[in-house]
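Trainee: Residues per chain are reported as follows:
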Amino acid sequence: MSDLLYSEAEDDLRAAVRSLLADRADPAAVLARAEAAWEADRRAAGGGRDRGADGHAGGAGPYDPALWAVLAREMGLAGLLVPEKLGGAGASHREAAVVLEELGRAVTPAPYLTGAVIAVEALLGCGAERDEVAALLTGIAAGRRTAVLALPWPTGPWRGGAARERAAATVRARPGGSAAAGRLTGAVSSVADAPAADVFLVPADDGLHAVEAAAGAVEPVTPLDLTRPLGRLVLDAAPAVRLAGAEVATAAVERALLAGAGLLAAEQLGLAEWCLATTVAYLKERRQFARPVGGFQAVKHRLARLWLQQVSARAAARAAADALARGAGDAAVTAAVAQAYCGDAAVRAAEEALQLHGGIGMTWEYPVHVYLKRAMSDRIALGTPGHHRTALAALADLPA
Amino acid sequence: MAEQTAPQADDGAAVETAEAAELTRRTREFLAAHPPAATERLDFLRARFAAGLAWVHYPEGLGGLGAPRALQAVVDAELEAAGAPALDTGRTGIGLGMAAPTILQHGTPEQRRRFLPPLWTGEEVWCQLFSEPGAGSDLAGLATRAVRDGDAWVVDGQKVWTSGAHHARWAILLARTDPDVPKHRGMTYFVCDMTDPGVDVRPLRQITGEAEFNEVHLAGVRVPDAQRVGAVGDGWRVAQTTLMNERVAIGGSRRLPREGGMIGVVARTWRERPELRTPDLHQRLLALWVEAEAARLAGERPRQQLAAGHPGPEGSAMKLAFASLAQRASALETELLGEEGLTYDDWTARRPETVDFLGRGAGYRYLRAKGNSIEGGTSEILLNIVAERVLGLPAEPRADKDAAWKDLPR
Ligand SMILES: Cc1cc2nc3c(=O)[nH]c(=O)nc-3n(C[C@H](O)[C@H](O)[C@H](O)COP(=O)(O)OP(=O)(O)OC[C@H]3O[C@@H](n4cnc5c(N)ncnc54)[C@H](O)[C@@H]3O)c2cc1C
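Residue numbers (our numbering), protein chains in the order written: chain A, 1 to 400; chain B, 1001 to 1410.
Chain A extracted, bound-state conformation (with noise of 0.2 Å):
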């Protein structure tokens, strides 16, 4: 049986990172910047190079990257996933979904789930011991670089092999000197943090292959979630080394969306969380009719059953994350009940967050509306509830 609580290594983790979170990114801080970066990829596209008042260049993303060089690099939190011997910490998903919880809790930009936890698995797919693979699994461990893979969301799991074929349908290698270099042309829509690589993980007809991201052009994406932005990559005889060939590429790929689905239920937990206590909170001190809103039964009742609905949350995404630690035989079981649950249940607290607000959850001020955005983006992201319990008519024996 999994174990669903935290260890006192876990609690301390997230006790430092949102302690980080608390100081250095509120949620005010979060949108402000993340306008700016929309704001500055429009005047990018409409021919403007110049940098905006705020100080923001087209195509830098919503990232904080003062923020990010102590999560990845003085933190060591994007080397998790990566084995000890490559600079990394050799943790677990266990303490990435610790990360992601805290990182939903305060939707913050950063390409963490995309970079950390996704990129970092495929990698691992594709064999830690290749010298290719080594070396970016150490530069990600290290903080210095960051790699995305580039496959158009939304793209969830159980098809990770049609994910990847479809990339692959719109890329195609061309073999250059060596067996390892050749040259990729294509396009791949929707590639979640695209402005956050260094380096592209690019699925193609003959494998997987890295692509320095200044070989390549992204073109910026309005996204409905600002604080996840999408880019569209285009890659024209860009230079790229390929990690592995086309069978290892698609299990690298499958490992890499089933642990991704799986940790997106810690982020979403994450998001539900703040927006119930935000709402509480709200709510005690909100005063109608000579009373504080929060006391009236038809609306305590339902914040009883967002917390409820939170409790089986928090279950679905530790057995999820306690599954894929372990390499459980469940494991896709585990993720795709904690996507099927979780997706709906961070939409729902928001959606509940925002009406409970009332007229100061409608507005942009106020930041109820980043967590919409994200919980529904995020609902999408990675295969949607409805592809989930689908996918577990066949793991759990429940056929059509």
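Hints listed in this document are in silico derivations from the structure and should not be mistaken for laboratory results. Certain hints may be false.
As the list claims (entries may be wrong) - To list a few chain B residues with every Cβ distance to chain A over 10 Å, as calculated: (1) 1035; (2) 1036; (3) 1088; (4) 1108; (5) 1123; (6) 1215; (7) 1224; (8) 1232; (9) 1244; (10) 1271; (11) 1283; (12) 1300; (13) 1346; (14) 1403.
What the hints assert, rightly or not - In silico contact screen, one side only, chain A against chain B (beta carbon under 8 Å); selected entries: (15) 4; (16) 7; (17) 337; (18) 396; (19) 398; (20) 400.
To be verified - The calculated label-pair distances, taken between Cβ atoms and stated as ranges, are: (21) 1313(B) with 355(A): 23 to 31 Å; (22) 19(A) with 1145(B): 54 to 62 Å; (23) 329(A) with 1273(B): 26 to 34 Å.
Note that the coordinates shown come from a computational prediction; the quantities given were computed from them, not determined experimentally. Glycine residues also receive a C-beta, built at the ideal position from the N, C-alpha and C atoms.
Start from chain A and add chain B with the ligand according to the hints.
Mentor: Frame of chain A, contents of chain B with the ligand only:
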């Protein structure tokens, strides 16, 4: 049930201790002295109680060894492997799950010695005389009076929805001893002898056709003061122990494997009867399966927290979740069965001693599960409790807190 709340042995490091090894040794020694195959069931259970292997977290001399609760699993695993007789928890659930923890916590040494051994072995069955026609959710408003008369109390009133009163030897009873103070302060908690001539048990037939619960009329019932549990006027506080344990017992204190609850019944039917499948039912089954699995895992966390010595508020959520899941799973099953869903196994007005969810048809499950969100505190009341005690939201304004009970509008 109290003796079953202990997690299984692989739940945590807590059990990998010298204490666990010692318990294993004791249990094996006990089994050698009382081989299950050669020992009468009752003799075995009595000896097990005497050996302190009944509920190890109870004190020595009362069926336990003062050991951590989580270690019960070690004992249970040994006993089960040896084919030891199991408790009939269906009949004795109220005793084990509610009366016992209350008597342990608030009873006198004499009461514990007198009541706990036959309660645990199942020789004496217990029922719960709390709810009244005028006091359900608002239990503290109850009107059954207990008046002091020498070294006894004379009890008059009516209780209702009393499960198992027809085969109970004893009852836990909450009665009003002081109508002149606010309602929460004027109650006292007793143990009532169900064989007293003033106790009249009448069956109440329920929607399933059977009469699992009863009306109990109390007329001049004499309860010795020695059967008072806790101080006079302290009944509400004592009853909290009962109610909290009741919710844990109903919420599912036992560890479930995947598909262990009502969802498993539906899933099996689904697999065995492909001809019943429709796309709509498939979607609903998958959605419910996900929810049931999330709730099962959510029920596992409080157990692990308890074993690790850090109980959290999550336990209070489980009764709500399981009630709703049992209702929806059994409804889905009934609908899935189609033509068979139109039928019912048996409307005979039986007087069952246990609730047999799995041994009966889908229609019975559907109907009986309706009670899950009413018995032991309704889901609405539990949502109030979560909102106020877990989330810290303000209570509704109320007029009944400070006025004397006798002055409240009824
Ligand atoms: C199968 C079964 C077995 C039982 N066994 C026993 C037993 O052995 N011993 C025993 O003592 N009792 C037993 N009960 C009784 C049970 O505890 C009560 O039925 C329950 O507490 C509800 O009380 P009530 O029936 O008076 O409903 P009421 O309290 O009248 O409630 C009616 C409705 O109003 C709602 N409501 C009430 N107050 C509020 C509020 N403040 N806010 C929002 N909604 C509210 C309720 O949720 C319910 O939906 C049993 C009940 C059932 C169904």
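Trainee: Would you pick out the hints that fail for this structure and give their numbers low to high?
Mentor: Failing hints, ascending: 10, 11, 12, 16.
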